[in-house]
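*Asks:* Take these sequences, add in the hints, and give me the full structure.
In order, the protein sequence lines correspond to chains A and B.
Sequential numbering from 1 applies to the first sequence in the numbering used here.
Sequential numbering from 1 applies to the second sequence in the numbering used here.
Keep in mind that the hints were calculated from the coordinates and are not lab data.
A hint or two may mislead.
[What the hints assert, rightly or not] Below, a sample of chain A positions facing chain B; criterion: calculated Cβ distance under 10 Å:
(1) P6
(2) V7
(3) S9
(4) I10
(5) T12
(6) T14
(7) Y18
(8) Y20
(9) V23
(10) G24
(11) Q26
(12) A27
(13) L30
(14) D31
We treat Cβ as the ideally placed atom computed from N, Cα and C, and that holds for glycine.
Each chain is listed here by its residues.
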Amino acid sequence: MSEAEPVKSIVTPTRLEYEYTAVGAQARFLDEISRGRIIGQRCPQCRKVYVPARGACPRCGVPTAEVVEVSDRGTVTTFCVVRVPSENIHLKLPFVAAHILLDGADIPFFALVGDCEVSEVRMGLRVAAVWAPRAEWGPTFANIRHFRPTGEPDVAFEKFKEHL
Amino acid sequence: MAAADGEVTFSAPHIVEYAYRRSVGAVLGRFFTGLRERKLVGTRTRAGRVLVPPCEYDPDTGESVAEFVDVGPSGVVTTWAWVHAPSAKHPLPRPFAWALIRLDGADTAMLHVVDAGSESRMRTGMRVRPRWRAQTVGEIRDIECFEPETGR
Numbered sequence: 001m002s003e004a005e006p007v008k009s010i011v012t013p014t015r016l017e018y019e020y021t022a023v024g025a026q027a028r029f030l031d032e033i034s035r036g037r038i039i040g041q042r043c044p045q046c047r048k049v050y051v052p053a054r055g056a057c058p059r060c061g062v063p064t065a066e067v068v069e070v071s072d073r074g075t076v077t078t079f080c081v082v083r084v085p086s087e088n089i090h091l092k093l094p095f096v097a098a099h100i101l102l103d104g105a106d107i108p109f110f111a112l113v114g115d116c117e118v119s120e121v122r123m124g125l126r127v128a129a130v131w132a133p134r135a136e137w138g139p140t141f142a143n144i145r146h147f148r149p150t151g152e153p154d155v156a157f158e159k160f161k162e163h164l
Numbered sequence: 001m002a003a004a005d006g007e008v009t010f011s012a013p014h015i016v017e018y019a020y021r022r023s024v025g026a027v028l029g030r031f032f033t034g035l036r037e038r039k040l041v042g043t044r045t046r047a048g049r050v051l052v053p054p055c056e057y058d059p060d061t062g063e064s065v066a067e068f069v070d071v072g073p074s075g076v077v078t079t080w081a082w083v084h085a086p087s088a089k090h091p092l093p094r095p096f097a098w099a100l101i102r103l104d105g106a107d108t109a110m111l112h113v114v115d116a117g118s119e120s121r122m123r124t125g126m127r128v129r130p131r132w133r134a135q136t137v138g139e140i141r142d143i144e145c146f147e148p149e150t151g152r
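*Replies:* This is the structure in structure tokens:
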């Protein structure tokens, strides 16, 4: 028998390699963000604006054709402070992952919040996109590096409570 | 990129990857430690069945299974499926068989790879033996594959 330590764990990697093709509403979103514009689509029935749009309203089940440009400023609706390292995250810990409701949108999307202490991030915090240099823009979310606090007054909970 | 009808499309690689590290516990830990020593280990239930890979509990009664027994290293193919065109992630770069192999002394069969060279050499009931890799570390791939016992 070997004197070595008994085996206590094994590595079981899981890897799926896709070639993802975006068409329709998603492609249009990527095309516009490559020019620094964030667009969504408005549902013809419930009038909600989805960003990024998928071409249909998930609530009403109808196609969303009307394109709406939304702001690159918004409100943190909910967030978490990430303090646990992960092999595929290369950000300095701790950092904040947040749901941000852009002005003009009716659904929050996921982004990082930076340029402040993690303790300063709160629900209702007003933030603005920090864009990568224009020369680096492409058809990708990565054009927005993160969001930073704007210093505007916080938004009252009642104003965004349906978007948590 | 613009398609013929003016519609914009974009394509990009999308890779979903999780590098899980999984605790194996005392029983499977013994199995993997055995592999590192080029030994195959199973567990025996109270009724006398030998389970390989080992189980912590008797699947028939739910009782704890604590007695370890050495099995193999050779065994018998109980069923198999030939892979004509291996993918990049398959364990062998040439056509091979996925097979259930009941090791000598075991009552259950274990999934592994048989490097038979060609599908015509595969048959249910064939005798196979493990081919160990040069450097064993305590995981299932310490067995590179099984190969037919009777020459190549």
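*Asks:* Tell me the numbers of any earlier hints that the structure contravenes, in ascending order.
*Replies:* As far as the earlier hints go, not one is violated by this structure.
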